[in-house]
Each structure stands twice: as C-alpha cells, then as structure tokens.
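Chains as they are written, first to last, in the working numbering: chain A, 1 to 264; chain B, 1 to 310; chain C, 1 to 323.
Any given hint could be a false lead.
To be verified - Facing chain C, a subset of chain B residues (Cβ under 10 angstroms, in silico):
#1 L18
#2 L22
#3 G23
#4 I30
#5 I90
#6 A112
#7 N131
#8 Y146
#9 S172
#10 I228
#11 I233
#12 R265
#13 I268
#14 N273
#15 N285
In short, the hints are calculated from the structure, not lab data.
These numbers come from a predicted model, not from an experiment.
Ideal placement from N, C-alpha and C gives every residue a C-beta, glycine not left out.
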Amino acid sequence: MLKAENLRITFNPGTPIETRALQGMSLTIQEGQFVTVIGSNGAGKSTFLNAIAGEIMVDAGRILLNEIDVTRIPGWQRASNVARVFQDPMAGTCEDLTIEENLSLAYNRGYSRGLSQAIKPFMKDLFRERLAILGLGLENRLTDRIGLLSGGQRQAVSLLMAALQPSKVLLLDEHTAALDPRTAHFVLELTQKLVAEQKLTTMMVTHSMKQALEIGERTVMLHQGQVVLDVSGEKRKGMSVSDLLQMFEKVRGEQVSDDALLLG
Amino acid sequence: MMYMFALSHQLLLINMSLFSSLGAFELGFIYSLVALGVFISFRILRFPDLTVDGTFASGGATAALVISLGGDPFLATALAMLVCAFAGMITGWLNVKLGIMDLLASILMMTALYSINLRIMNGPNIPLITNDTVFSILQPAFMEDYVWRPVLLLLVVLIAKLVLDRYFATQSGLAMRSTGSNLRMARAQGISTDRMVMVGMAISNALVGLGGALFAQSQGGSDISMGIGTIVIGLAAVIVGQSIIPARRFVYLTLAVIIGAVLYRFFIALALNVDFIGLKAQDLNLVTALLVTFALVLPKFNKMRKAKKG
Amino acid sequence: MLAKKIKLGLGSALLAAIVASNMAYAQEKFVAITAIVEHPALDSVRDGVIEALEKNGYVKGKNLALQYQSAQGNTGTAAQIARQFIGDKPDAIVAIATPSAQSVVAATKQIPVVYSAVTDPVAAQLVSTVEAAGGNVTGVSDVLELEKQVDLIKRAVPNAKKVGMVYNPGEANSAVVVKRLQELLPNEGMELIEASAPRSVDVGSAARSLIGKVDVIYTNTDNNVVSAYEALVKVGNEADIPLIASDTDSVKRGAIAALGINYKDLGLQTGEIVVRILNGEDPGTIPSQTSSKLELYVNPAAAKSQGVELSEELLKSAAVIVE
Numbered sequence: 001m002l003k004a005e006n007l008r009i010t011f012n013p014g015t016p017i018e019t020r021a022l023q024g025m026s027l028t029i030q031e032g033q034f035v036t037v038i039g040s041n042g043a044g045k046s047t048f049l050n051a052i053a054g055e056i057m058v059d060a061g062r063i064l065l066n067e068i069d070v071t072r073i074p075g076w077q078r079a080s081n082v083a084r085v086f087q088d089p090m091a092g093t094c095e096d097l098t099i100e101e102n103l104s105l106a107y108n109r110g111y112s113r114g115l116s117q118a119i120k121p122f123m124k125d126l127f128r129e130r131l132a133i134l135g136l137g138l139e140n141r142l143t144d145r146i147g148l149l150s151g152g153q154r155q156a157v158s159l160l161m162a163a164l165q166p167s168k169v170l171l172l173d174e175h176t177a178a179l180d181p182r183t184a185h186f187v188l189e190l191t192q193k194l195v196a197e198q199k200l201t202t203m204m205v206t207h208s209m210k211q212a213l214e215i216g217e218r219t220v221m222l223h224q225g226q227v228v229l230d231v232s233g234e235k236r237k238g239m240s241v242s243d244l245l246q247m248f249e250k251v252r253g254e255q256v257s258d259d260a261l262l263l264g
Numbered sequence: 001m002m003y004m005f006a007l008s009h010q011l012l013l014i015n016m017s018l019f020s021s022l023g024a025f026e027l028g029f030i031y032s033l034v035a036l037g038v039f040i041s042f043r044i045l046r047f048p049d050l051t052v053d054g055t056f057a058s059g060g061a062t063a064a065l066v067i068s069l070g071g072d073p074f075l076a077t078a079l080a081m082l083v084c085a086f087a088g089m090i091t092g093w094l095n096v097k098l099g100i101m102d103l104l105a106s107i108l109m110m111t112a113l114y115s116i117n118l119r120i121m122n123g124p125n126i127p128l129i130t131n132d133t134v135f136s137i138l139q140p141a142f143m144e145d146y147v148w149r150p151v152l153l154l155l156v157v158l159i160a161k162l163v164l165d166r167y168f169a170t171q172s173g174l175a176m177r178s179t180g181s182n183l184r185m186a187r188a189q190g191i192s193t194d195r196m197v198m199v200g201m202a203i204s205n206a207l208v209g210l211g212g213a214l215f216a217q218s219q220g221g222s223d224i225s226m227g228i229g230t231i232v233i234g235l236a237a238v239i240v241g242q243s244i245i246p247a248r249r250f251v252y253l254t255l256a257v258i259i260g261a262v263l264y265r266f267f268i269a270l271a272l273n274v275d276f277i278g279l280k281a282q283d284l285n286l287v288t289a290l291l292v293t294f295a296l297v298l299p300k301f302n303k304m305r306k307a308k309k310g
Numbered sequence: 001m002l003a004k005k006i007k008l009g010l011g012s013a014l015l016a017a018i019v020a021s022n023m024a025y026a027q028e029k030f031v032a033i034t035a036i037v038e039h040p041a042l043d044s045v046r047d048g049v050i051e052a053l054e055k056n057g058y059v060k061g062k063n064l065a066l067q068y069q070s071a072q073g074n075t076g077t078a079a080q081i082a083r084q085f086i087g088d089k090p091d092a093i094v095a096i097a098t099p100s101a102q103s104v105v106a107a108t109k110q111i112p113v114v115y116s117a118v119t120d121p122v123a124a125q126l127v128s129t130v131e132a133a134g135g136n137v138t139g140v141s142d143v144l145e146l147e148k149q150v151d152l153i154k155r156a157v158p159n160a161k162k163v164g165m166v167y168n169p170g171e172a173n174s175a176v177v178v179k180r181l182q183e184l185l186p187n188e189g190m191e192l193i194e195a196s197a198p199r200s201v202d203v204g205s206a207a208r209s210l211i212g213k214v215d216v217i218y219t220n221t222d223n224n225v226v227s228a229y230e231a232l233v234k235v236g237n238e239a240d241i242p243l244i245a246s247d248t249d250s251v252k253r254g255a256i257a258a259l260g261i262n263y264k265d266l267g268l269q270t271g272e273i274v275v276r277i278l279n280g281e282d283p284g285t286i287p288s289q290t291s292s293k294l295e296l297y298v299n300p301a302a303a304k305s306q307g308v309e310l311s312e313e314l315l316k317s318a319a320v321i322v323e
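Use the sequences and the hints to build the structure in full.
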C-alpha cells in the first residue's frame with residue numbers, strides 16, 4: 001500500500017526559474033490496485049514518481065509504504081519495495097551487460113549483494129521460463145549483450161525485471177511512450193498480464209487518455225502539482241475520452257478564469 | 001599484411017637480446033597490474049582516475065620504507081596495497097560524498113600524494129639494491145634473477161587476474177559493473193552506488209600500489225618521480241589491449257589489458273633498438289607513440305580491407 | 001599488387017638495415033652510456049666521457065662501439081634501458097645521475113658500471129664504501145665539500161646569518177645537500193631557511209617567499225633550479241639578495257659567485273676510469289672518486305645589482321671573472 005501525504009517539491013526556490021513541481025500532492029493506493037496517472041506537461045507526474053522512488057527528496061510531506069515512513073530514506077534503500085520501468089528503454093537496462101546479467105541484477109533487487117555467484121544455474125532456468133512468456137526468442141539469447149536488443153525488446157525485458165521480485169509498488173513512467181504502436185501494444189498487454197498474475201500494486205503514468213481509461217481500475221489526473229481528479233469504479237467505467245477531456249478543460253478553465261478574476 | 005608485420009617483428013626480436021625481452025616482460029607484467037587497476041576505474045566504473053600517478057609511487061615508497069627499516073618484504077608489499085587502497089577510497093569518497101567531479105577529485109588526491117610520498121620516504125628516494133625483496137626471498141637456486149623476476153611477476157599477474165575474474169562474476173562484482181554502466185538503473189536495483197565506487201577505487205588503486213611495490217623491489221628502489229605518467233601507460237595498455245583483442249566476455253577483457261601492457265613495454269624496448277635508422281635517444285617518446293598508433297590503427301585497417309573484399 | 005610489392009620492398013629494406021647494424025656491432029670494445037634526462041650538465045658529462053675515450057685511443061667507429069640512451073626522465077624507461085644494455089653485453093656501462101645508476105646497478109652484478117654525477121653513492125646503495133668496494137661498480141661523485149661552500153658564502157657575504165636555499169624536494173642530490181647544510185651552518189652561527197620548488201616553474205615563487213627572511217640565497221646543482229636560474233636572478237636583483245650557486249655556468253647567468261665543478265671535467269675524469277676498465281682493470285679495485293677540480297667564478301656586476309661588493313681577496317683568488 002502506498003500513501004503520499006501532502007508532498008511539496010520546489011525546484012530552484014527563490015530564483016527566476018523557480019518551479020513548484022508538487023504543491024501538496026496526496027494520494028493513497030490500496031494494495032493490489034492498478035492506478036493510471038494522467039496530466040499535462042509540467043503537472044508533476046514524473047516528479048511524483050521520482051519522489052516515491054526516492055530519486056528526489058521531498059521538501060515537505062510524507063511517503064508511506066505499507067505504513068512505513070520512507071520519506072527520508074535514500075532511493076537505493078527503497079528499491080526492495082519499489083520497482084520501476086523508465087520511459088527510456090536505455091535507462092532501465094545496462095547496455096554492456098548480458099540479458100542474464102541484467103536479470104540477475106533485478107533478481108537481487110533490494111538484497112545485499114555478497115560474494116556468491118551472480119548467475120546461478122537455477123536462475124538461468126528461471127530467466128528462460130520468464131523470457132519465454134515474451135515470445136521473442138530471448139530465452140535462447142541469455143548471453144547476448146542487452147544492447148543488441150531493440151528498444152521495444154529492452155522495454156519488455158525491463159518490465160520482466162521489475163516483476164522478478166515482489167515489490168510494494170510498481171511505478172511505470174510512460175513506459176510505452178518511446179515505442180512504436182505495435183510494440184507499445186505488446187508491452188501494454190504484457191503489463192496487464194504481469195500485474196494481474198502477481199497482483200502488483202501499480203501506478204502507471206501515461207499521456208494517452210484512452211489508455212488511462214482502459215487500463216487499470218482507477219484514474220487520477222494531476223495538474224500543477226496536485227491531484228485534481230480521481231475516478232474509479234462505476235463512474236469510471238462509463239467514461240469516454242471526451243468526458244475526460246471535458247473534465248480536463250473544466251479544471252484548467254476554472255483555474256484560468258480564477259487568475260483573470262484576480263487580475264481584473 | 002599480418003604476415004609482413006609478424007615477419008618484421010620476428011626479425012627485430014632477434015636483434016633484441018634475451019635480457020631486453022625479459023626486461024620488457026618484467027616491466028610489462030608490473031604495468032599489467034597497473035592496467036588491471038586502470039581497467040577497473042576507467043572502463044568498469046567510468047571514473048577517470050589520475051590518483052594512480054600518486055599511488056604507484058605510494059606503493060613503491062611504502063614498500064621501500066618498510067623493507068629499508070628491516071621489515072618483511074611480503075608484509076611491506078601488503079602494507080603498500082593497503083595504503084593505496086585507502087588513498088583510492090578517499091578519491092572515491094571525495095566524489096560521491098563531497099560531490100567533487102571525478103577527474104578533479106583524483107587530481108586533488110594525486111597532488112596530495114606527492115607530499116605524502118616525500119614524507120613516507122623522508123626524502124625523494126629510498127634505494128633497495130642490497131635489501132631482501134620478495135624476489136630474492138623466493139628465488140630458486142637454479143634460475144637467474146633476471147629470469148626469475150618476470151616469472152614471479154607473471155604468477156602474480158595471473159593470480160590477480162583470476163581473483164578479479166572471480167570477483168566480477170559475483171553479485172557484488174556485477175553490482176559494481178552496473179554502477180559504472182548505468183548509475184540510475186543500479187540505484188533503482190537497490191545498489192549502494194556510493195559504496196561501490198569507493199570499493200572499486202580502493203581495489204583499483206590497491207592493484208596499482210602492488211605494481212609500485214613490486215617495481216621498487218625489482219628496479220632498485222623507490223623514487224618520487226616513479227609515478228609520473230602511470231595513468232598514460234595504464235590507459236595505453238587498456239586501449240591497445242582492447243583494440244587487439246576485441247572481446248566482450250570479461251575473462252578476455254582482463255587478458256586483453258595484460259597483453260596491452262606487455263605489448264606497450266615491448267614497443268618501448270623496440271624503440272630503444274631503432275637507433276640504426278638515424279633516430280636518436282631523444283626520439284624515444286615519438287617512436288613509442290608511432291608504434292602505439294600503429295597498433296591502434298592496424299585492426300581498423302584490417303577490418304576495412306576485409307569489408308572491401310567481401 | 002602494388003601494395004604487396006611495397007610491403008615486400010619495405011620488409012627487405014628493414015632486413016638489410018638490421019643486418020647492417022649487426023655488422024656495425026662486430027667491433028673491439030663496446031661502451032654504453034645512459035643518463036636519466038637530457039640536461040646541460042649531464043650532457044657535458046657524457047661528452048667528457050667520450051672525449052676521454054678518444055684521447056686514450058678509443059674512437060667511435062674505429063675500435064669502439066658507443067651507445068647512448070636517455071630515459072627521458074622516466075624511471076620505468078631507465079629500467080628497460082638498463083636491461084637493454086645488459087643484454088647487449090657491453091664492456092662497461094656509464095650511468096649518469098642517481099636514478100639511472102640505481103637502475104643499472106640493481107640489474108647487473110657482472111658488467112662493470114661506472115657512475116657519474118651522483119652526489120652520495122653510498123646512500124644510493126651503488127657501492128658499500130667509497131674505498132675499493134670489490135664489486136662491479138665504481139665512479140665519480142659530484143659531491144661538493146660543503147665546508148668549502150659555506151666558506152665561500154662567508155667570504156662573499158661576510159655578515160650573512162640567514163642562508164636561504166631553493167631546491168626540488170624530489171631530487172636526491174638536493175636532499176642530501178640540505179641535510180648536510182642543516183648540520184654545518186649552525187656551527188658557523190648561521191641558519192638555513194628552505195624554499196621548495198617541486199617543478200622548475202616554482203623556482204621564482206619559492207625565491208620570492210624568501211624575500212625579507214634571508215641575507216643570501218645558496219643553491220646546489222638541483223636540476224629544477226639550474227634550468228630556471230633566470231627566475232632566481234630576477235628575484236635576487238629586485239630584492240637585493242645575493243645569489244651563490246654551485247655550478248660555474250650560473251655565474252654567467254647572474255649569480256655573484258660559485259665554487260663549482262666543471263661537468264665536462266667530471267666527464268673526463270669518469271672517462272679515465274672507463275679507459276682503465278677497458279684496458280683490463282677490475283672495477284672492484286678502483287675506489288670511488290670525487291671531483292678533483294673546483295673552480296671559483298665571480299661576477300662583480302651581478303654583485304652590484306644584488307647589493308653587495310665582492311672583496312679584493314675574492315676577486316684575486318677567482319679563476320674567472322665574468323663580465
């Protein structure tokens with residue numbers, strides 16, 4: 001379970017380029033829930049994800065994973081609880097290392113790494129099993145450098161890596177945005193399959209409103225560093241993209257007219 | 001083309017005495033240790049580390065100091081490695097904890113080590129010509145010293161290579177490799193990248209220090225200037241080695257840098273031999289540079305030719 | 001096809017050159033000379049050695065094979081040069097300056113080694129004693145009797161109490177001199193104030209750090225100082241601090257006086273030892289020598305710029321008065 005309470009992050013405070021990325025972001029995700037996150041550019045989506053992962057420290061607020069306060073814990077120490085797939089397929093894997101080496105790294109995510117062998121025989125069998133699900137023939141290419149794979153293939157492997165070990169939350173940061181439509185579709189299907197199989201608590205950021213509504217059980221809209229919309233259940237089932245767009249502009253429109261009032 | 005190269009190389013070797021060749025191996029193996037160290041910092045951690053110009057001399061200075069005071073040469077060598085590991089760790093610490101840029105942190109450490117080395121030696125030079133060394137203690141009766149030294153050094157290099165190959169196949173070693181390859185991803189996998197950098201720098205400089213300690217014991221002493229240019233030799237060895245043996249598997253990568261170091265010293269030995277073409281002593285560096293360039297370009301040239309044919 | 005012909009041609013030319021060089025080496029005697037770095041003083045030593053050999057009938061190309069290698073300041077290269085020489089089996093190796101001498105001596109106990117321009121051969125472990133050491137090593141040291149140097153300081157700058165010294169802490173010869181001066185000067189009621197110059201570019205600032213703290217600056221044959229002596233002269237002239245050097249060339253460049261070794265003569269002296277070895281003497285029976293010739297050079301004009309006047313007595317005893 002993930003609980004974010006009133007998170008605030010300001011970049012370059014007190015300078016002409018000051019950016020208030022998160023302005024009191026609060027969100028609670030129940031265990032096993034699949035949430036999609038949407039918002040315009042600069043709404044704070046990536047910042048929010050980075051804050052939960054621990055890549056950025058919040059200026060104010062609290063983050064709790066399964067009731068444990070992790071707000072001040074550095075990112076690498078949160079990794080046993082937080083799994084991620086980045087938008088850039090290159091960012092999620094180590095180019096020079098082989099497929100099995102990358103998987104081994106993910107397999108030991110969160111565990112202390114000692115002097116025992118990195119890739120044991122039983123792990124190879126496990127990796128082959130998992131890679132076979134992809135249907136890309138990668139299970140026969142364990143010793144190939146992962147840099148030889150295409151972006152889509154690497155992203156699929158990244159997803160597998162994220163699901164190798166249990167985590168308290170799976171963060172997906174527009175992970176299909178850099179892929180061509182067919183591969184994106186493939187990765188999305190894979191995502192849904194893995195999440196359903198392992199009942200992962202998942203937060204997926206996406207630019208596509210269609211995706212946001214079709215996938216998962218709950219959709220959250222961010223704007224100017226806050227949650228402005230939160231739909232789930234029946235209400236969400238009936239929503240179409242244009243409904244969401246209307247709501248989107250209503251929120252934006254409202255804000256704009258507010259400013260106009262203040263200035264006028 | 002390869003045939004002609006091999007042939008001319010063969011002919012020149014005949015002109016080069018056994019002594020000179022063994023000398024090239026001797027120094028080649030010492031600098032193999034340096035090359036392995038530079039391989040870890042430069043290639044694996046992507047950390048340009050100039051500390052080695054200081055730690056090579058620190059290794060020599062520490063070993064020479066302990067031996068000249070009557071200490072056991074093996075203990076002296078081990079202490080030298082420890083001192084250099086510590087120095088390397090500090091460079092890493094300056095970078096990860098104080099946020100100082102990697103190259104700059106290593107330059108700071110290298111500069112500081114100059115004074116520290118002078119302190120260690122209480123002067124610029126400690127001779128080791130009459131003292132016992134790890135070479136003299138282990139020397140078998142039936143072998144000449146100039147043959148024994150490269151043999152023992154080869155053994156040391158092989159042991160070092162074995163240990164490294166083993167380590168980088170462990171979870172910890174793989175974590176270190178990922179730290180250098182993709183820092184963000186490593187952190188996301190729960191690796192303490194700060195610790196990995198410091199440990200890696202410690203191991204790297206310990207190897208260089210080992211090289212320095214053995215250098216001092218085989219070459220007659222330690223001198224404040226013995227470290228100058230170490231990074232250049234280390235990098236040359238790594239690059240030449242990898243251009244001649246383009247490998248991916250780790251076991252071959254470590255072999256490549258060892259071969260690169262030995263080859264580099266052979267180039268220098270060859271350059272010392274070419275005075276008959278009217279070249280003089282001053283041209284040594286130029287000739288060495290030309291030979292190294294030749295070694296770097298030859299594989300590319302061969303590739304182009306093969307592509308044209310096919 | 002053409003490419004192949006060119007390669008064949010190159011290969012044969014290489015082969016021919018190798019054969020020719022091998023033929024060149026089928027001579028009577030073979031002397032190999034090495035220095036740690038190229039430098040006027042060290043080069044003079046080498047030239048002196050070659051001249052001494054010629055004077056005694058050993059001429060390069062006729063009955064003598066000669067090889068010279070400089071280690072370009074690198075101890076690793078010095079080690080390889082040592083091994084290269086030893087493999088070529090010369091009749092004698094001349095090693096100029098401490099690091100080169102150490103490399104050679106560490107690598108051979110058979111081939112005769114003659115060192116030169118080494119300040120303290122015993123401390124450098126080249127020989128166990130300056131008497132006939134019984135091994136394969138002998139040579140000529142350029143140690144200056146520091147008592148004579150201190151005497152010169154007193155004669156040139158009579159009321160000097162604080163003596164400054166600029167030197168490279170990384171040079172063995174200089175460290176030796178500093179240590180000895182620290183022992184000697186207090187006996188004369190004087191004090192040594194040091195300024196370190198790890199690189200030749202640091203000489204100027206090191207000298208400047210002594211302004212106001214010293215009555216005279218003394219320097220030895222430190223490589224950094226000698227190569228950057230003009231920087232020292234600038235400070236001496238501007239701040240009125242008299243400079244006393246240890247090599248005669250520096251007097252021409254602006255020191256007021258120096259009681260120094262002529263390095264060419266040092267080379268000649270070294271060469272004489274090599275000749276004795278070529279003629280059959282055992283190096284173990286030849287005791288180490290020190291430079292036998294010291295010359296006093298003075299520069300009255302420099303003295304004036306630096307605020308002192310040289311005494312009549314000093315001028316009269318000088319071998320050379322520099323204009």
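- Holds or violated: is there a CB of chain C closer than 10 angstroms to the CB of L18 of chain B? holds (6 angstroms)
- Query: Quick one, is the N131 of chain B hint okay against chain C at 10 angstroms, beta carbons?
  - Reply: holds (8 angstroms)
- Message: Interface hint check: N273 of chain B, Cβ to nearest Cβ on chain C, cutoff 10 angstroms. Holds or violated?
- Response: For N273 of chain B, the interface hint holds, since the closest Cβ of chain C sits about 7 angstroms away, which is under 10 angstroms.
- Message: Please check whether I228 of chain B passes as an interface residue: C-beta within 10 angstroms of a C-beta belonging to chain C.
- Response: holds (7 angstroms)
- Task: So, I90 of chain B near chain C? Judge it on the closest CB pair being under 10 angstroms.
- Result: violated (21 angstroms)
- Item | chain C contact restraint for N285 of chain B - C-beta distance below 10 angstroms | At about 6 angstroms, which falls below the 10 angstroms cut-off, the nearest Cβ of chain C leaves the hint on N285 of chain B intact, so it holds.
- Taking the least C-beta to C-beta distance, is Y146 of chain B closer than 10 angstroms to chain C? holds (7 angstroms)
- For the hint on L22 of chain B, does the least C-beta distance to chain C fall short of 10 angstroms? holds (7 angstroms)
- Using 10 angstroms as the Cβ threshold, decide whether R265 of chain B counts as touching chain C. holds (7 angstroms)
- Item | Status of the hint placing A112 of chain B at chain C (closest C-beta pair under 10 angstroms) | violated (13 angstroms)
- Query: Quick one, is the I268 of chain B hint okay against chain C at 10 angstroms, beta carbons?
  - Reply: With a minimum Cβ separation of about 6 angstroms from chain C (threshold 10 angstroms), the hint on I268 of chain B holds.
- Query: For the hint on G23 of chain B, does the least C-beta distance to chain C fall short of 10 angstroms?
  - Reply: Cβ of G23 of chain B sits 3 angstroms from chain C, so the hint holds.
Violated hints, in rising order: 5, 6, 9; the structure is consistent with all others.
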